[in-house]
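K.L.:
Chains as they are written, first to last, in the numbering used here: chain A, 1 to 290; chain B, 1 to 290; chain C, 1 to 290; chain D, 1 to 290; chain E, 1 to 290; chain F, 1 to 290.
Accuracy of the hints is not assured; some may be wrong.
A few chain A residues that face chain D, going by a derived Cβ cut-off under 8 Å, partial list only [said to hold, decoys possible]: (1) Tyr28; (2) Val99; (3) Ala186.
Simulated restraints on C-beta separations [stated by the list, open to error]: (4) B:Leu229 to D:Asp66: 49 to 59 Å; (5) C:Thr255 to E:Leu229: 48 to 58 Å; (6) A:Met238 to B:Ser228: 33 to 43 Å.
Keep in mind that the hints were calculated from the coordinates and are not lab data.
Beta carbons are placed, not taken as given, at the ideal position from N, Cα and C, and that holds for glycine.
There are 6 protein chains.
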Amino acid sequence: MLSRATIDRVVRAALDEDAPWGDLTSEYLIPASALATADLVAREPGVFAGGEVFAAAFRLTDPRVDVRLDVEDGEFFIPGAVLAVVEGPARSVLAAERVGLNFAQRMSGVATLTTEYVAAVSGTTARIADTRKTTPGLRAFERHAVRMGGGHNHRYSLSDAVMAKDNHLAILAQKHGNLTESLSEALSRLPHTAHVEVEVDRLDQIAPVLAARSGGRRVDTIMLDNFSLDDLRRGVEMIAGRAVVEASGGVDLETVGDIAETGVDVISVGALTHSARALDLGLDVRLRVD
Amino acid sequence: MLSRATIDRVVRAALDEDAPWGDLTSEYLIPASALATADLVAREPGVFAGGEVFAAAFRLTDPRVDVRLDVEDGEFFIPGAVLAVVEGPARSVLAAERVGLNFAQRMSGVATLTTEYVAAVSGTTARIADTRKTTPGLRAFERHAVRMGGGHNHRYSLSDAVMAKDNHLAILAQKHGNLTESLSEALSRLPHTAHVEVEVDRLDQIAPVLAARSGGRRVDTIMLDNFSLDDLRRGVEMIAGRAVVEASGGVDLETVGDIAETGVDVISVGALTHSARALDLGLDVRLRVD
Amino acid sequence: MLSRATIDRVVRAALDEDAPWGDLTSEYLIPASALATADLVAREPGVFAGGEVFAAAFRLTDPRVDVRLDVEDGEFFIPGAVLAVVEGPARSVLAAERVGLNFAQRMSGVATLTTEYVAAVSGTTARIADTRKTTPGLRAFERHAVRMGGGHNHRYSLSDAVMAKDNHLAILAQKHGNLTESLSEALSRLPHTAHVEVEVDRLDQIAPVLAARSGGRRVDTIMLDNFSLDDLRRGVEMIAGRAVVEASGGVDLETVGDIAETGVDVISVGALTHSARALDLGLDVRLRVD
Amino acid sequence: MLSRATIDRVVRAALDEDAPWGDLTSEYLIPASALATADLVAREPGVFAGGEVFAAAFRLTDPRVDVRLDVEDGEFFIPGAVLAVVEGPARSVLAAERVGLNFAQRMSGVATLTTEYVAAVSGTTARIADTRKTTPGLRAFERHAVRMGGGHNHRYSLSDAVMAKDNHLAILAQKHGNLTESLSEALSRLPHTAHVEVEVDRLDQIAPVLAARSGGRRVDTIMLDNFSLDDLRRGVEMIAGRAVVEASGGVDLETVGDIAETGVDVISVGALTHSARALDLGLDVRLRVD
Amino acid sequence: MLSRATIDRVVRAALDEDAPWGDLTSEYLIPASALATADLVAREPGVFAGGEVFAAAFRLTDPRVDVRLDVEDGEFFIPGAVLAVVEGPARSVLAAERVGLNFAQRMSGVATLTTEYVAAVSGTTARIADTRKTTPGLRAFERHAVRMGGGHNHRYSLSDAVMAKDNHLAILAQKHGNLTESLSEALSRLPHTAHVEVEVDRLDQIAPVLAARSGGRRVDTIMLDNFSLDDLRRGVEMIAGRAVVEASGGVDLETVGDIAETGVDVISVGALTHSARALDLGLDVRLRVD
Amino acid sequence: MLSRATIDRVVRAALDEDAPWGDLTSEYLIPASALATADLVAREPGVFAGGEVFAAAFRLTDPRVDVRLDVEDGEFFIPGAVLAVVEGPARSVLAAERVGLNFAQRMSGVATLTTEYVAAVSGTTARIADTRKTTPGLRAFERHAVRMGGGHNHRYSLSDAVMAKDNHLAILAQKHGNLTESLSEALSRLPHTAHVEVEVDRLDQIAPVLAARSGGRRVDTIMLDNFSLDDLRRGVEMIAGRAVVEASGGVDLETVGDIAETGVDVISVGALTHSARALDLGLDVRLRVD
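Let the hints inform the model, and build the full structure from the sequences given.
P.N.:
Following this line, the structure appears as structure tokens:
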């Protein structure tokens, strides 16, 4: 899912950022002939993500470095687990270490936090989905990590789905008077492949949204924004499978289980990406000079 | 819809391609002080598209060149019509001329061909849609031109919609035995915002496709591939507004009207972008040296 | 002639355009272990061009995909001919398919149209040449296709040859009074390696153009713009091998043979690149899951 | 300190990532003539950082959008405070909203967390410094945020300072037997402008490190890694101003105050950048259509 | 002739190279409000080139800096002359100073050395031309400097002219036996706009080269490589204006005058760009803090 | 020290510059099957630098070309020495020749000039260092060459070290009255890893500069600008190993030995990079067609 082109582009930029004109320490203190073996070790439990990205940091620094991934993306690990083994010229291993770790720690942090949300809704039919609140430049990586943690992706960008919020509905209403009619008209203009999601604040907005139709199209998803649990339940009943039901607002690890129990299909959680902390992974390096 | 960032990036590359180290002719034969006024003139009738792109060729060559667009994107024009007036330092106007024309001619060619398809389905509810058969590097421009010609866009890329064809259905069936079940299972894994289109070859595939369900999702669009007019009509009846109906295959200006009469919602036409010819537009330049 | 650097840069951009964050269909519907064999098949007769570019679409998506070209650039093929065979991981083959086809169809379209022009002038000494009316961003590819169709390239860009048209001559004349003198003076300033072409509208302009001289330089090519067949013939006689004679204007498949018979050396044809349609090539894919 | 070139490059890439082919919602649901006024509002207390970056998201989307920053980078704010006011075409304001927020939230998160560490060491002479554990691609932004929170920057990259750790010392020792001698020899080869920091694990390593000399150079900084508070105190005494003393390891908001009291000069804190969460800032948008 | 796009691209890269994360000195030691006025002063006599490039270093660092060029490219100056005046925020002026000087010193160095060669051939009809022995990445700049010094440009790149040397002639001969025939055949395949230059080592090669013909084409330039003055003179006579005569080899300021006296049209001098030294220009900066 | 990423990026740009659309001569005059063997031969004595860069020009043109380096960077060679042997397809070898030479000649020129300065100070403890007066875009390459010639690098950029000159000192003094105090205050704000160098014009400035202190920091290097030999000697005595002593100004091959004898640690020489001439290296090519 992460194309090699994307990985290479982003990792290369990170390596440039971290060593615009080489690694002084390695170059002046480590002989060119020194070799290193390094274990990527978990210092806390978690779910791994970013194996290919971690490996790319070394591969793009020096093709002679070999990285063996012992754990796959999406696997759980315990503290002390060896997740990968890196082997090659010591200068190159040390030069790529920090960049490789920065990616693996962040991506594993996102995956691990996602699994906590996923666990909290287990037994329900709700999926945990990410949002556009991602780190600028790392969206593809963070969404991959969400999937590796058992979550699902929401729209990738402003270009692939429509999200009509109160502001938009107000403007549409101003034009047509009637919400059903105005949404139907919008459906008639929108590309037929654009997913259409409408955010509602009140239960009485659901019926007119569901009634919108144009050329085989309907509103695909209704987002119930900041609804009480009771209202979520009522919303799910009213929609009755005629659209995806998404809950949003006030979601955290305490509340997400109850929200899922209401029967909603999707719970979107900004925190997955905007507030995950880096997981504590370290590289244990052993050098040898022959 | 065409962001300035996209226009600037693509036009700048085209200018570099056309003058990697300057315009020898202008530099050696035209005095720096010479001024030019140039009319963008239609040599045949058509629909205009690419005004902002045409203007960018001059603006990015020299900010002192002024381009006044007399016709908006999407407007029809007759032969001899003046579509835009360019004014500024002669060297710059001449240096940007060919690149500006290359864009405007191609984009107007696409828009004009699109209007012919749109006209051929007028009076029906079918929309004319483009495909991914666009010129590499110019997709955003060509899709803009399609819209300017009254057409609609299909999915932009492989990343924003799913298109399950015979090959995919065969593989899914191999896994689950049953098409409805396998599509339902796929819906349960796919991002809920991904538009799902399924291509069918026979009428008896429609019912199982329509029956697929997962978490408020259904198949969004059914493409009837290479169906006879009778079968298209029957397909539309069977689908009955429960999905978008798209017709594809064997579409040309002769056949498109009859296809539209069957009641399908979308007719996708590769020719809009892969076989439009450049429209004949010219630049009438008047130089003056004071 | 198409350097690998150029191919890679342009094809990579096209792949990014067509799948900014992956191919959803392949990723969600095709198992990672599935393999594909695909034949590039001609659906109409033509001349092939773009084999290396087609192959690059697959290679740059996934180095494990193997592309065997069965037909070389420049070869003629009949409908049903297998032009290439693609083999590798199914996800990658399907992800690269459209981009590979978009290039091969367009380039083969240009090559095929070129052969028609070349055939129409066979038996004469005229060469068919392209112009700068190419698709922005694809000039190197389209000019390669022209050569593969038996045509020749004209100047690549504004930077490598001078083309003095009526506007330029008027300005030069204003400065010097005399055309021969003014062209001689321009030759004395121009880089000696810059090809100098002068466009004339009337027979009486030929002699003064031919008379221009400076430091071993003369005008290299005289373009007879929109001349009647009789005037072309007279122009060829007057020039008598002392410059390349180029005919331009009103050239199509009907007229090009007669124009060539007048004895001109070069006939430049904008249509080769601005109005070629994509050739109908398809990819027949067979998937297998072990 | 954040150059406009850096801001523009990074923000432009983030905008492209978030809208590769435009904002469908704005384009189809908001009239081109609609205007928006939007307040950047704090939903929790904190320290602002990233004002110029936030503004760039709007400026680079549409130069007609005006952003007035009401709070400067480094200023503290209370919940409800209006940090900036954005005004301009509604389509553009809405298209840039998420990207602008993503930057401002993260940068303010880093600045705010930094102030907590800085407050915890107030009254001491220790400075709080960041590390290379930054988000790939955003190092310059995050280090700016650290400074805005009252922290200091550590080395920017592998290229501008040497950090000799146990591994390096072991290799040096292997070559020379003697640590002082081997460090002196390294100083004699290193660029004289490269800051040299040596990490020690034990108090008895300090004296030989301090004794190293070459051509006016000495070791600039000694990092006491995972030292007890007592050992830190003793280390500070032994070094006695002859090098910068840096403490590292086991630093959190609980421990940092005591560490600072030992008299160390620098405390480096990876958490500043690798574990700051996004601050809760929102954009309150008001649309109007005339 | 230097397009703004080229200047901006190259200067921006140089600024990034010289300050990847800002100018520490200015940022920490100069108040943001300080202003600077700086004179670009000549410390030795010479010919100016690179004014626009020098100015761009400041403009691209900070659009508020104003650069007034007091001397135009191509003008001679004496020691002490003020060539430009820079005014603006002190931090920005100081940050851009070195990059601006690095360009102006090098370009003026090339222009000045060129004038020495041009002066040495004054009174003859020979032009001094540059070669492809330019600094990688700076070709457009150095060729501009050559022109500003009164020299002329040779071919820009491998793509815009053919240069057939002994190796090529040997291979051609192997194929055809006869040099005239083989060159004629090559002319029949080459783009008619490609300048064709043939390098000869002996006088007896001139006649067969001159005899080559195809479709109005002939060999454009004959390079007499390492000829004695006598042989140059004889070569000029034999060619008699039927091709440009270029002398090459053993050219320096001592010999160039005599070579020019032989009547050759072009003398190409690699030293213009590969061995020019930077001219001594300095920036006298006056700061003020209000 | 030169990372492969840097080499590839810069060499690729140089190849593009030299052949934007291929090498016409090779493509039209050399059969695709021809092979070449080429020796890189020294035409004058010198010190080699740039072997990897030279090789990259061929490797990036065509991976089938093999380059064997017979001399390592930093080795001395005599006229006639074969430094490398290139073998592969003739078209590719000829296409890359000029770019490969342009790099190797310049880098070897810098290395060779550096060895002359290094030789002139042999027997002293002074190191020869480069400056920021490098060719824009080639800094990493030229600094590598300086090291290969036995020299040392100074600060790489404005971002990694502080250089306080008279202007800065004047401003600091204005703020604090007292130089020691103002430098101490600056040290307290500067990143502790930023090397701090202060330029002084008079001996009486040394004591206050040496007295500056903050948190284990002091001024790292004192540059004695344009000092007489006597004053340099006195400066060295006064500084007495408490900072690096750098001499600058009026340095050439005549004076550098005496300057070194004064006991300074570093002598920075702009001429190493701004005035080195390209060394005369040539490629002797032998073609064969089977």
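K.L.:
I'd like to know which numbered hints this structure contradicts. Please list them from smallest to largest.
P.N.:
Violated hints: none; all satisfied.
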